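Protein chains in written order, with full-length UniProt numbering: chain Z, 1 to 210; chain X, 1 to 316.
Simulated from the structure, these hints should not be mistaken for lab results.
Since we're looking at a predicted model, the values are computed, not measured.
Glycine included, every Cβ here is placed at the ideal spot set by N, Cα and C.
Mixed in with the good hints, there may be bad ones.
What the hints assert, rightly or not - Derived PhoX-like pairs (lysine-lysine); straight-line CA-CA distance at most 25 Å:
hint: 1; chain 1: Z; residue 1: K44; chain 2: X; residue 2: K39
hint: 2; chain 1: X; residue 1: K26; chain 2: X; residue 2: K209
hint: 3; chain 1: X; residue 1: K2; chain 2: X; residue 2: K39
hint: 4; chain 1: X; residue 1: K2; chain 2: X; residue 2: K133
hint: 5; chain 1: X; residue 1: K133; chain 2: X; residue 2: K39
hint: 6; chain 1: X; residue 1: K26; chain 2: Z; residue 2: K44
hint: 7; chain 1: Z; residue 1: K44; chain 2: X; residue 2: K2
hint: 8; chain 1: X; residue 1: K39; chain 2: X; residue 2: K26
hint: 9; chain 1: X; residue 1: K291; chain 2: X; residue 2: K133
hint: 10; chain 1: Z; residue 1: K44; chain 2: Z; residue 2: K79
hint: 11; chain 1: X; residue 1: K209; chain 2: X; residue 2: K39
hint: 12; chain 1: X; residue 1: K291; chain 2: X; residue 2: K280
hint: 13; chain 1: Z; residue 1: K44; chain 2: Z; residue 2: K124
hint: 14; chain 1: X; residue 1: K39; chain 2: Z; residue 2: K79
hint: 15; chain 1: Z; residue 1: K79; chain 2: X; residue 2: K2
Said to hold, decoys possible - Stretch by stretch, here's where chain Z covers chain X in the computed footprint (C-beta under 8 Å, at least three residues):
hint: 16; region: 31-39
hint: 17; region: 87-101
Stated by the list, open to error - Stretches of chain X that chain Z covers, calculated by requiring three or more beta carbons in the stretch to come under 8 Å of a beta carbon on chain Z:
hint: 18; region: 3-13
hint: 19; region: 46-55
hint: 20; region: 218-225
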Amino acid sequence: MDFDEFTPSRRGVIVGGAVTVAVTTVPAVEAQVPRKQTMAHIEKVAFEVNGKRRELALDTRTTLLDALREHLDLTGTKKGCDHGQCGACTVIVDGRRINSCLTLAVMHEGDSITTIEGLGTPEKLHPMQAAFIRHDGYQCGYCTPGQICSAVSVLDEIRRGIPSHVSASLTDQPQITNFEMRERMSGNICRCGAYSNIAEAMADVAGEKA
Amino acid sequence: MKAFSYERARTPAAAAAAAERTPGAKFIAGGTNLLDLMKLQIETPQHLIDVNGLGIDKIEPTPEGGLRIGALVRNTDLAADMRIRRDYGLLSRALLAGASGQLRNKATTAGNLLQRTRCPYFYDTNQACNKRKPGSGCAAIGGFSRSLGVIGVSDACIATQPSDMAVAMRALDATVETVRPDGTARAIPIADFHRLPGATPHIETALGKGELITAVTLPKPVGGTHVYHKVRDRASYAFALVSVGVIVQKDGSGRVAVGGIAPKPWRVEASEADLPRGAKAVAAGLLAGAKPTHDNQFKLTLVERTLGAVLAEARG
Numbered sequence: 001m002d003f004d005e006f007t008p009s010r011r012g013v014i015v016g017g018a019v020t021v022a023v024t025t026v027p028a029v030e031a032q033v034p035r036k037q038t039m040a041h042i043e044k045v046a047f048e049v050n051g052k053r054r055e056l057a058l059d060t061r062t063t064l065l066d067a068l069r070e071h072l073d074l075t076g077t078k079k080g081c082d083h084g085q086c087g088a089c090t091v092i093v094d095g096r097r098i099n100s101c102l103t104l105a106v107m108h109e110g111d112s113i114t115t116i117e118g119l120g121t122p123e124k125l126h127p128m129q130a131a132f133i134r135h136d137g138y139q140c141g142y143c144t145p146g147q148i149c150s151a152v153s154v155l156d157e158i159r160r161g162i163p164s165h166v167s168a169s170l171t172d173q174p175q176i177t178n179f180e181m182r183e184r185m186s187g188n189i190c191r192c193g194a195y196s197n198i199a200e201a202m203a204d205v206a207g208e209k210a
Numbered sequence: 001m002k003a004f005s006y007e008r009a010r011t012p013a014a015a016a017a018a019a020e021r022t023p024g025a026k027f028i029a030g031g032t033n034l035l036d037l038m039k040l041q042i043e044t045p046q047h048l049i050d051v052n053g054l055g056i057d058k059i060e061p062t063p064e065g066g067l068r069i070g071a072l073v074r075n076t077d078l079a080a081d082m083r084i085r086r087d088y089g090l091l092s093r094a095l096l097a098g099a100s101g102q103l104r105n106k107a108t109t110a111g112n113l114l115q116r117t118r119c120p121y122f123y124d125t126n127q128a129c130n131k132r133k134p135g136s137g138c139a140a141i142g143g144f145s146r147s148l149g150v151i152g153v154s155d156a157c158i159a160t161q162p163s164d165m166a167v168a169m170r171a172l173d174a175t176v177e178t179v180r181p182d183g184t185a186r187a188i189p190i191a192d193f194h195r196l197p198g199a200t201p202h203i204e205t206a207l208g209k210g211e212l213i214t215a216v217t218l219p220k221p222v223g224g225t226h227v228y229h230k231v232r233d234r235a236s237y238a239f240a241l242v243s244v245g246v247i248v249q250k251d252g253s254g255r256v257a258v259g260g261i262a263p264k265p266w267r268v269e270a271s272e273a274d275l276p277r278g279a280k281a282v283a284a285g286l287l288a289g290a291k292p293t294h295d296n297q298f299k300l301t302l303v304e305r306t307l308g309a310v311l312a313e314a315r316g
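All chains, full assembly: derive it from the sequences and hints.
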């Protein structure tokens with residue numbers, strides 16, 4: 001979709017609104033809080049995102065999620081609850097899925113980060129992205145990037161033999177079953193309730209590769 | 001979030017020394033609980049000491065035949081370690097019952113022990129909470145207390161320690177190893193690690209200022225059948241109302257630890273002598289002196305029934 005520069009985009013309106021709010025509230029906050037704690041601390045950090053080295057100088061408070069969205073313009077990763085409860089911010093760091101909202105960007109020096117933009121592109125979809133489309137694994141789509149990053153990691157975790165709460169045996173190789181996938185996806189909430197189709201999409205991908 | 005300065009520590013002793021020296025300093029490892037609390041300004045450190053680079057992230061055998069789990073071993077890696085799965089199944093089961101896959105990938109062994117309560121009045125900064133703001137009172141007492149503690153609580157605080165992992169560690173007689181700011185090490189039995197609230201619920205552990213957990217050690221395997229049941233409001237990704245972990249031997253003896261009911265993982269060794277007599281007898285000893293609220297008195301029955309189910313499963 002193309003917007004000309006005078007058409008307000010949804011994102012532009014949100015950013016503009018946030019700036020207005022910040023300008024009007026900053027003096028009140030400064031009056032109440034000792035100055036020492038309001039001064040931002042800037043630190044440099046370098047990591048790889050989707051195969052590309054990125055160097056940033058960030059306020060230490062910046063989460064990995066905000067670094068990706070606000071500083072690197074990778075807005076595929078979504079901010080839902082911002083407290084690790086919904087999973088919309090799930091990304092893959094050094095091969096493991098994590099909540100990018102509950103980790104500081106400066107803690108990721110040298111790490112390799114994969115976001116939804118790095119899994120596939122509209123021209124060349126990741127098999128999990130294609131399966132989500134095929135199985136209608138979403139409605140509004142807001143949780144979908146996190147669901148897909150999580151789903152890709154879940155199949156990897158099962159293949160690596162990591163047991164789950166519902167694994168009958170702790171020592172046997174866990175199987176890719178609907179029961180296992182549902183338990184392992186419990187950190188990703190979908191308000192539209194596309195869960196059963198997400199599990200179908202995952203089963204499809206697992207079957208293809210098996 | 002309040003602003004803070006940040007450093008990466010180079011050695012455990014240097015991290016402990018920096019934490020003692022720097023005003024308002026806190027360690028950060030996985031960060032999954034600390035950052036959540038910082039966003040809500042329940043925690044407001046002025047300085048963060050990142051301990052992730054310290055290399056204390058391995059699981060190694062001890063000379064006594066047990067395992068030494070580095071403080072930074074992630075919950076996923078601990079639960080998935082084949083030695084843990086084979087010889088300390090209760091620990092794997094407890095870990096896997098907690099949090100979500102994403103959180104377990106980041107959360108550490110030491111951080112899990114140090115996670116704060118999920119009492120709703122601790123989280124709501126408009127409410128009185130002696131743990132968050134000493135001396136402010138406890139809004140949970142007389143409030144909505146369904147999820148809160150029934151034993152070991154005080155007039156100042158009825159919060160629970162929420163860790164599943166700690167329940168297994170308690171049953172397994174784990175030891176917490178630390179380094180202090182002067183560089184000396186010490187070992188704290190898990191039974192003495194979490195404190196009861198008394199009049200000072202803001203002091204939650206035996207750790208001194210700047211003291212850093214370096215490892216948790218497990219004694220040599222005790223065998224037996226390991227079972228962990230967690231009762232919660234949804235099937236996955238929720239904190240326990242009640243959880244029960246047992247290790248039962250062929251001769252009927254065993255160990256019982258309970259989560260979700262107290263400010264620390266709850267175990268009363270003397271009550272374990274009653275295991276051959278069944279869940280009712282053991283629960284009576286475990287819960288002697290309980291002070292439930294109207295809202296959470298159901299937990300007393302729930303402990304007994306969950307223990308009954310766990311023992312039935314353990315005995316096949």
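We went through each hint and held it up to the structure:
At roughly 22 Å between alpha-carbon atoms, Z:K44 and X:K39 fall within 25 Å of each other, so this suggested pair holds. Among the hinted pairs, X:K26 with X:K209 is consistent with the structure: their alpha-carbon atoms are about 10 Å apart, no more than 25 Å. Taking the CA atoms of X:K2 and X:K39, the gap is near 8 Å; set against the 25 Å cutoff, the hint holds. Between the alpha carbons of X:K2 and X:K133 the distance comes to roughly 17 Å, so the proposed pair stays at or under 25 Å and holds.
Taking the CA atoms of X:K133 and X:K39, the gap is near 17 Å; set against the 25 Å cutoff, the hint holds. The hinted pair formed by X:K26 and Z:K44 meets the criterion: a straight-line CA distance of about 20 Å does not exceed 25 Å. Under the criterion of a C-alpha separation no larger than 25 Å, the hint pairing Z:K44 with X:K2 is consistent with the structure, at around 19 Å. For the hint linking X:K39 to X:K26, the alpha-carbon distance of about 15 Å falls within 25 Å, and the restraint holds.
About 23 Å separates the Cα atoms of X:K291 and X:K133, which keeps this hinted pair within 25 Å; it holds. Taken as a hint, the Z:K44 and Z:K79 pair is honoured in the structure, with Cα atoms around 23 Å apart against an allowance of 25 Å. Taken as a hint, the X:K209 and X:K39 pair is honoured in the structure, with Cα atoms around 23 Å apart against an allowance of 25 Å. Distance check on the hinted pair: X:K291 and X:K280 sit about 18 Å apart at the alpha-carbon level, within 25 Å; holds.
Restraint check for Z:K44 and Z:K124: the C-alpha separation of about 33 Å exceeds 25 Å, so the hint is violated. At most 25 Å may separate the alpha-carbon atoms for a hinted pair to count; X:K39 and Z:K79 meet this at roughly 14 Å. Our distance criterion of 25 Å between C-alpha atoms is met by Z:K79 and X:K2, whose separation comes to about 20 Å. Counting residues of the region 31-39 of chain X whose CB falls under 8 Å from any CB of chain Z gives 5; the rule of at least 3 is met.
Given a C-beta distance limit of less than 8 Å, the hint that chain Z covers the region 87-101 of chain X holds, as 8 residues qualify and 3 suffice. Counting residues of the region 3-13 of chain X whose beta carbon lies closer than 8 Å to any beta carbon of chain Z gives 5, which reaches the threshold of three, so the coverage claim holds. Using a Cβ-Cβ cut-off of 8 Å, 4 residues of the region 46-55 of chain X lie near chain Z, which meets the minimum of three, so the contact claim holds. Counting residues of the region 218-225 of chain X whose beta carbon lies closer than 8 Å to any beta carbon of chain Z gives 0, which falls short of the minimum of three for the stated coverage.
In this structure, the hints that do not hold are numbers 13 and 20, in rising order.
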